[in-house]
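There are 2 protein chains.
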Amino acid sequence: MPTTNRTVHLKSTPRGIPVPDDFEIRTTGLEDPADGQVLIRNIYMSVDPYMRGRMREAWRPGDALSGNAIGKIIATNNDDYAVGDYVLNPAGWSEYLISDGRGIRNVDPELVPLSTYLGVMGMPGLTGYGGLLVTGEFKDGETVFVSAASGAVGSVVGQIARIKGGRAIGSAGSDEKVAQLIEEFGFDHAFNYRTADPLTELRKGAPEGLDVYFENVGGPQLEAALFHMRPYGRIPVCGMIAHYNDKVGAITPGPTNLTQIIYKFVSLRGFVVSAFEPDRPRFLQDMSGWINSGEMKYHETVFDGIENAVDAFIGLFSGNNNGKMLVRLSDE
Amino acid sequence: MPTTNRTVHLKSTPRGIPVPDDFEIRTTGLEDPADGQVLIRNIYMSVDPYMRGRMREAWRPGDALSGNAIGKIIATNNDDYAVGDYVLNPAGWSEYLISDGRGIRNVDPELVPLSTYLGVMGMPGLTGYGGLLVTGEFKDGETVFVSAASGAVGSVVGQIARIKGGRAIGSAGSDEKVAQLIEEFGFDHAFNYRTADPLTELRKGAPEGLDVYFENVGGPQLEAALFHMRPYGRIPVCGMIAHYNDKVGAITPGPTNLTQIIYKFVSLRGFVVSAFEPDRPRFLQDMSGWINSGEMKYHETVFDGIENAVDAFIGLFSGNNNGKMLVRLSDE
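Those sequence lines, one after another, are chains A and B.
Numbered by the working numbering, the letters in the first sequence go through residues 3 to 334 in order.
Numbered by the working numbering, the letters in the second sequence go through residues 3 to 334 in order.
Bound-form chain A, shown alone:
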C-alpha cells in the first residue's frame, strides 16, 4: 500500500495566463481506508479550461486543486466497492483519494476505453451533447458553427450535428487542426481564426446562415456569428476562452453588434454541464453507440505524471492540446 500522496495546490492567484510558479506540489501521508472507506489510485486526471475560472472565483492560494479523474480501487472497507473497480471521482490533481463513496461513480471499462470517461463519455462530451441539443435546441438538419472546434467539446458538437443530418462549421487555431476538422471529424467547412476573417468564412461555409452558434471563445468570432445568425437562432454560451485571462486594464472588448439579436429573435444562453444531469443516461447510451460504431472520433493529448499536470493545464491556453488534454498518473 502507498504511504504518501502528492497533490497540486494553488500557490498564488494567476494574473493573466497562469505560469508554473502559480502552483506547487505537496506531499502528504496516506492512511489506510477506515470503515466504510475506499482507497483509489488515480489513473487519468482531466485538465479543463473551466478550472481557470475557479482559480479566480473559488480557489484561494494554498487550496488543493480538484477536478475529474478516473481511478482504480486498490483497497476497500466499503461493501459497495470491490478492489479492481474503476471509478470516476473528483480527486483530480491528486494521485490518491480516500473516499466514503460520496461523489464517486463506477464506470465500465469494457464498454469504451477508460480515458474516454474524462472526454467524449465524460464532462466534455456531455457539455457538447447538452449544449447543442438541449440548450442550443439543435434540430436535425440544422447548421451549427462551433469555435474551438478541435477541442474536446467542440469536436463532439460538430460530429453530433453531422450525425443528426446537419451541417457543421468549425474554427481552430492552426492549419493542422483545420485539416483535422475536415478530414477526421467530417466538418463541412473549417477555418483558422488566426489568419482568416470569420464572417467571410461563415458566409462561405454556411451561405444560408447559422441556426446555432456554439460559443466557446468570445471576441471577433462571436461578433461574426451574431451578424450571420438566422432568425430564431440560438447561441448556447459554453465558454469565452478569449476572455478568461483578461487582466485589469486589458479587457477583451465585448461584441459591438448585440443589437443583431433583437430583430432576429436570437437568444444567448449561458450554461454549465451540471444542467444536463437528467440527460446523462440518454447521453451515455447515444455516445457509447457512436464511439463503438466509429461515428464519433476523438483525440487525446496525454501528459505523464503529476509533475507535468501544470504544464498540461497551461497548454490549454496556448492551444498545445489536440483533443482532450489528460494527465496519466499511473498505469491502468
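Hints may contain errors.
One copy or two, it doesn't matter: identical chains are merged, so the pair holds either way.
[Stated by the list, open to error] Quick list of in silico lysine-lysine cross-link-like pairs, BS3-like style, CA-CA up to 30 Å:
hint : residue 1 : residue 2
1    : K13       : K266
2    : K141      : K266
3    : K166      : K206
4    : K74       : K141
5    : K166      : K299
6    : K206      : K141
7    : K74       : K266
8    : K74       : K206
Source of the hints: derived by calculation from the structure; they are not laboratory data.
We have chain A; now place chain B onto it with these hints.
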C-alpha cells in the same frame, strides 16, 4: 372632403442622430374612396425608437415613412366600416389614408382614451407586457430592472412588475424623470444613469440581485446588470437605444463581461412585439382593467401638426419626451 394629403418622406439616410434635413413633407392629391375602400383622417400618429432602425435597414431616400396611427373613418365604400369608426392603421406620418380594410382594426373609444391605443394599450404597452411576462418569464414577486424606465415601454414594465407583487428598479436620464418613476409609477428604486453608477444603484435597489433585466439601452447599464443578475436570470432585449445612432468609426462598445451569463445560466433573448400577437386579447383585457382601476399610469408628450412630426421623432433621442411621444394630426 379633403383633396390633398401630406406625408413625411425620408430625404436622406440619417448618419448618427437624425436631423430635420433628413426628411421632407410631400403634398399629394386625395381621391374619394373607391368601391370597398374607406377614407381615414388620422388623429394621432406614433413616433418610436424602432423607426431609427428602419431608416437604416428598410427605408431608402424618397420613401414615405409609416407607423401606427389612430384615425377616424370620414367616408366609406366598405360595408365593414361606418363613418365615425375609430381605427388603428399603419399610415402614421400621413394625414389621410385610403384603405381597403387590410391592416386596419377598430378600437373602442369608450373603453380607454383614444390616444392610449398608441401607448399603453398599443404597441409599446404590448412590448412591455410581452417582453416582461412572455420573453422575460417574469414570475410574481420577482425583481426587474428596466432601463429607459420613464419611456412608453419602460414605465409599463415597472408597473406590471409591481402589480404582480414584484420589485421594480428603473433608470432614466434626468432627476425629474427619476422622481416621477418613484412618485407616479411606484418604482421601488430609481436612478439617473447620467450621474449615478449603475452597479452601485442596482446593489442598493436590488440587494438580492435581478431576476429580469428588461434591456432598452445597452452600454454600461447592460454591463452592470450582467454583474448583478441572479442565477437563471433572463434579459429580454427590447432595444439598445445607446447603439442606434452609432456611426462608422464611433461604435458603442459591447459588454466586456458577457462571461457572467455562463455560470449564472443567464439568457439574453432578442424579441420584437410581433411575437406577442397571440397574447393580444389577454393583454387588452389586463391593460384596460389596470388603466380603469388606476393601477396603470401613463404620460404622453403630444406635438401638434404633421409639420412637427420630425421634431417629435428626433426628440426621442435626446429624451425630450415624457412618456409616450405622439403627434396630433387633427381633432378627435
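For K166 and K206, with the copy left unspecified, which applies at a CA distance of at most 30 Å: within, between, both, or neither?
Answer is within; shortest intra-copy Cα gap is 22 Å, inter-copy 48 Å.
Regarding K206 and K141, is the shortest C-alpha distance of 30 Å or less found within a copy, between copies, in both, or in neither?
within (22 Å within a copy, 43 Å between copies)
Is it within, between, both or neither when you check K74 against K206 at 30 Å Cα-Cα?
Neither way: K74 and K206 sit 48 Å apart in one copy and 52 Å across, limit 30 Å.
For K74 and K141, with the copy left unspecified, which applies at a CA distance of at most 30 Å: within, between, both, or neither?
neither (39 Å within a copy, 48 Å between copies)
With 30 Å as the alpha-carbon cut-off, assign the pair K141 and K266 to within, between, both or neither.
both (18 Å within a copy, 25 Å between copies)
30 Å Cα threshold - placement of K266 relative to K13
between (47 Å within a copy, 27 Å between copies)
How would you label the pair K74, K266 (within, between, both, or neither) given a Cα cut-off of 30 Å?
neither (51 Å within a copy, 34 Å between copies)
Give the relationship of K166 and K299 under a CA distance limit of 30 Å: within one copy only, between copies only, both, or neither.
Intra 15 Å, inter 51 Å, cutoff 30 Å: intra-copy only.
Hint compliance for this structure: hints 4, 7 and 8 are broken, all remaining hints hold.
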